[in-house]
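Visitor: Position chain B against the provided structure of chain A, taking the given hints into account.
There are 2 protein chains.
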Amino acid sequence: MRIALDAMGSDHAPEVDVAGGVRAARRFGQEIILVGRREAIEKELAKHDTAGLALSIVHASQVVEMGEHPSRAVRQKSDASMVVGLKLVREGQADAFVSAGNSGGVLAAALASAGRLGRIPGVLRPALSTVIPTLTDHPSFLLDIGANTDCKPEWLVQFAIMGAVYARKVLGIANPRVALLANGEEDIKGNQAVQVAHQILRQLELNFVGNIEGKDLPFGLANVIASDGFVGNVAIKTAEGIAKMLLTLLREEIKKRPLALLGGLLAKPAFKAAAAKLDYRQYGGAPLLGVNGIVVVAHGRSDALAIENAVRVAIEAIQGDLIGAIRQDIKNALETLGRAA
Amino acid sequence: MRIALDAMGSDHAPEVDVAGGVRAARRFGQEIILVGRREAIEKELAKHDTAGLALSIVHASQVVEMGEHPSRAVRQKSDASMVVGLKLVREGQADAFVSAGNSGGVLAAALASAGRLGRIPGVLRPALSTVIPTLTDHPSFLLDIGANTDCKPEWLVQFAIMGAVYARKVLGIANPRVALLANGEEDIKGNQAVQVAHQILRQLELNFVGNIEGKDLPFGLANVIASDGFVGNVAIKTAEGIAKMLLTLLREEIKKRPLALLGGLLAKPAFKAAAAKLDYRQYGGAPLLGVNGIVVVAHGRSDALAIENAVRVAIEAIQGDLIGAIRQDIKNALETLGRAA
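Protein chains in written order, with this note's numbering: chain A, 1 to 341; chain B, 1001 to 1341.
Only chain A is shown next, with the shape it has when bound in the complex (with noise of 0.2 Å):
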């Protein structure tokens, strides 16, 4: 297998990527495809044994910053990282491609780019997804999360089947409880979209399981959830900032009491261990599903343990051959309906 990874992609780019690859190389023993500034790349590679790793470069002499406008961006720059690395992937010479760059830059250079990898046939439109931690063994995957707002019924039923696929060959989630995010269990909660939806995915050979809330999204009750993109960003990052301002708030209170503060030292290992199970970087990226190619997007705040993990996510992806599952599922899915009207 060949991995592309963008060494531009990160906010710590390209040191923290080019790091992130070669522990990759080393740990998967698979070829990394180092796409960006030459020199930049051989700058970093010098700082590391390389001895033996398939570690090879593939010079791209833009970057695709993250403030910029994405769709812009990636025409502007047809020689961006992002660009050339998906590129590698339509022309058969890399098997995914990696990138902790502008996720929208990523989406917009898959479909619009001049080496554009497309739709995956009957995918009506891709999402962009993130793996939510849970208390349970498994975490929870959501989408889209930002790439489609608007959307209609049929791409919010899409979203759940191209879902569960991820779930079953990439999570190893047997049968995924499949949801819908919504403002109430019931089936007559949600908007228009959302309740059409539902009654479509009863329809369907999933393991369907109605509605879910806000509330539910920490706690696994589903294993892949669907969501409109502007509704399930608004989840997200409210998940992000409620989390930030409770440990805001507890380390100011600590702060005030002497005898708090040699509580908080005693316990710093018991935060240290719910830390790292809400730990982003032990999921490495999530798919760009629906994009005719294997995508990994990894977080900008990625470190070198977050690159390796998104590279180790886009290895299972073509193992489970994502893409062919994905295919046949969408087919079948039409068939059914198909049958049923």
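Just so you know, not all the hints are guaranteed correct.
[As the list claims (entries may be wrong)] Heads up, simulated DMTMM-like pairs for lysine to aspartate or glutamate below, C-alpha to C-alpha not over 20 Å straight-line:
| no. | chain 1 | residue 1 | chain 2 | residue 2 |
| --- | --- | --- | --- | --- |
| 1 | B | Lys-1189 | A | Asp-150 |
| 2 | B | Lys-1277 | B | Asp-1303 |
| 3 | B | Lys-1244 | A | Glu-240 |
| 4 | B | Lys-1244 | A | Asp-137 |
| 5 | A | Lys-244 | B | Asp-1279 |
| 6 | A | Lys-244 | B | Glu-1240 |
| 7 | B | Lys-1189 | A | Glu-65 |
| 8 | A | Lys-244 | B | Glu-1068 |
| 9 | A | Lys-189 | B | Glu-1065 |
| 10 | B | Lys-1169 | B | Asp-1137 |
| 11 | A | Lys-272 | A | Glu-240 |
| 12 | B | Lys-1331 | B | Asp-1321 |
| 13 | A | Lys-215 | B | Asp-1321 |
| 14 | B | Lys-1244 | A | Glu-185 |
| 15 | B | Lys-1189 | B | Glu-1240 |
| 16 | B | Lys-1189 | A | Asp-137 |
| 17 | B | Lys-1256 | A | Asp-137 |
| 18 | B | Lys-1272 | B | Asp-1303 |
| 19 | B | Lys-1272 | B | Asp-1137 |
| 20 | A | Lys-244 | B | Asp-1137 |
| 21 | A | Lys-244 | B | Asp-1216 |
| 22 | A | Lys-215 | B | Glu-1185 |
| 23 | A | Lys-189 | B | Asp-1137 |
| 24 | B | Lys-1244 | A | Glu-68 |
| 25 | B | Lys-1277 | A | Glu-252 |
| 26 | A | Lys-277 | B | Asp-1216 |
| 27 | A | Lys-215 | B | Glu-1205 |
| 28 | B | Lys-1152 | A | Glu-240 |
[Said to hold, decoys possible] Simulated coverage check for chain A against chain B, where a stretch passes if three residues somewhere in it have a Cβ under 8 Å from a Cβ of chain B:
| no. | region |
| --- | --- |
| 29 | 209-215 |
| 30 | 229-237 |
| 31 | 266-273 |
[To be verified] Label pairs and their calculated CB-CB ranges:
| no. | chain 1 | residue 1 | chain 2 | residue 2 | range |
| --- | --- | --- | --- | --- | --- |
| 32 | A | Leu-261 | B | Asp-1279 | 32 to 40 Å |
| 33 | B | Lys-1152 | A | Asp-137 | 41 to 49 Å |
| 34 | B | Glu-1185 | A | Glu-31 | 36 to 44 Å |
| 35 | A | Ala-340 | B | Leu-1261 | 51 to 59 Å |
| 36 | B | Lys-1272 | A | Lys-244 | 35 to 43 Å |
Hints in this document: simulated from the structure, not taken from any laboratory.
Ideal placement from N, C-alpha and C gives every residue a C-beta, glycine not left out.
Guide: Chain B in isolation, oriented as in the chain A frame:
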């Protein structure tokens, strides 16, 4: 002033509701009309020293339960405490109604029951709201949180206007910062309704600060946040779920470690202080904005303190002529937009 209080509303009704009513009567020196089953209310009142307090009872034989379908329940139960309480407001026998009951039921009763209040002239859709604790000196105010899904841009604009009036009149914020909840800060972010509402809000005499993201909710970037009821509901429920998950996880990890357990005990006052800052009971309740009368909905899990504070909210709304101010600001906005068009 006379405040009608649903004695049958909370999860622990009538005990908690009546106790809260007694506390409010003592604290504010205003008349509290307890609405519900006379015998049950009298039994609770007998537990308190009510000498010199202005407390009366209006009998209502039925109760809308938490699990009931809101509009169906209020249609079938014309003698439900919330229907009777709202009728008192409509008929001028009370200046406000406070309930810790089924919020959808209160909304349905206010709009669709026999003695309905109806909407303030010019208001397209009433909204359910909530107060969000923040790390600043002021809480934020979010609406809608569930009354309306698939909102039109004009509804979102009115939520913003009504929320700003509430922030001025009841939360005591002179020139509230108003925002739209969205999936990104930039103008171009949001679903279609948010994008259009954004442009309309720019034209109004509001302190409109643009879009805010879910991650900003607990940090007080805006005092008033307008949202579709579907999205607002997902946001507050996600916040609730994440807070619960984090505290559960911390507790579990602390319990595993004897030293951390000791540390947790020492840090307990800090945890308690943090919890107090987030305590919904200090806010008491949030108004049903847009109905033609002052209606305050308290949390179902309210205790007597929360009920007392919900009555305080109602009194402040009466004193600030909330209804008149909303009518005026909605009218002004229509005129401003008429001039601009």
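Visitor: Take the hints in turn and mark each one as holding or not.
Guide: Now the hints, each set against the structure:
{"no.": "1", "hint": "Lys-1189(B) - Asp-150(A)", "result": "holds, 12 Å"}
{"no.": "2", "hint": "Lys-1277(B) - Asp-1303(B)", "result": "holds, 17 Å"}
{"no.": "3", "hint": "Lys-1244(B) - Glu-240(A)", "result": "holds, 14 Å"}
{"no.": "4", "hint": "Lys-1244(B) - Asp-137(A)", "result": "holds, 18 Å"}
{"no.": "5", "hint": "Lys-244(A) - Asp-1279(B)", "result": "holds, 18 Å"}
{"no.": "6", "hint": "Lys-244(A) - Glu-1240(B)", "result": "holds, 14 Å"}
{"no.": "7", "hint": "Lys-1189(B) - Glu-65(A)", "result": "holds, 18 Å"}
{"no.": "8", "hint": "Lys-244(A) - Glu-1068(B)", "result": "violated, 36 Å"}
{"no.": "9", "hint": "Lys-189(A) - Glu-1065(B)", "result": "holds, 18 Å"}
{"no.": "10", "hint": "Lys-1169(B) - Asp-1137(B)", "result": "holds, 17 Å"}
{"no.": "11", "hint": "Lys-272(A) - Glu-240(A)", "result": "holds, 17 Å"}
{"no.": "12", "hint": "Lys-1331(B) - Asp-1321(B)", "result": "holds, 16 Å"}
{"no.": "13", "hint": "Lys-215(A) - Asp-1321(B)", "result": "violated, 35 Å"}
{"no.": "14", "hint": "Lys-1244(B) - Glu-185(A)", "result": "holds, 19 Å"}
{"no.": "15", "hint": "Lys-1189(B) - Glu-1240(B)", "result": "violated, 25 Å"}
{"no.": "16", "hint": "Lys-1189(B) - Asp-137(A)", "result": "violated, 35 Å"}
{"no.": "17", "hint": "Lys-1256(B) - Asp-137(A)", "result": "holds, 18 Å"}
{"no.": "18", "hint": "Lys-1272(B) - Asp-1303(B)", "result": "holds, 18 Å"}
{"no.": "19", "hint": "Lys-1272(B) - Asp-1137(B)", "result": "holds, 18 Å"}
{"no.": "20", "hint": "Lys-244(A) - Asp-1137(B)", "result": "holds, 18 Å"}
{"no.": "21", "hint": "Lys-244(A) - Asp-1216(B)", "result": "holds, 10 Å"}
{"no.": "22", "hint": "Lys-215(A) - Glu-1185(B)", "result": "violated, 25 Å"}
{"no.": "23", "hint": "Lys-189(A) - Asp-1137(B)", "result": "violated, 35 Å"}
{"no.": "24", "hint": "Lys-1244(B) - Glu-68(A)", "result": "violated, 36 Å"}
{"no.": "25", "hint": "Lys-1277(B) - Glu-252(A)", "result": "holds, 12 Å"}
{"no.": "26", "hint": "Lys-277(A) - Asp-1216(B)", "result": "violated, 24 Å"}
{"no.": "27", "hint": "Lys-215(A) - Glu-1205(B)", "result": "violated, 36 Å"}
{"no.": "28", "hint": "Lys-1152(B) - Glu-240(A)", "result": "violated, 28 Å"}
{"no.": "29", "hint": "209-215", "result": "holds (count 3)"}
{"no.": "30", "hint": "229-237", "result": "holds (count 8)"}
{"no.": "31", "hint": "266-273", "result": "holds (count 7)"}
{"no.": "32", "hint": "Leu-261(A) - Asp-1279(B): 32 to 40 Å", "result": "violated, 23 Å"}
{"no.": "33", "hint": "Lys-1152(B) - Asp-137(A): 41 to 49 Å", "result": "holds, 43 Å"}
{"no.": "34", "hint": "Glu-1185(B) - Glu-31(A): 36 to 44 Å", "result": "holds, 40 Å"}
{"no.": "35", "hint": "Ala-340(A) - Leu-1261(B): 51 to 59 Å", "result": "holds, 56 Å"}
{"no.": "36", "hint": "Lys-1272(B) - Lys-244(A): 35 to 43 Å", "result": "violated, 21 Å"}
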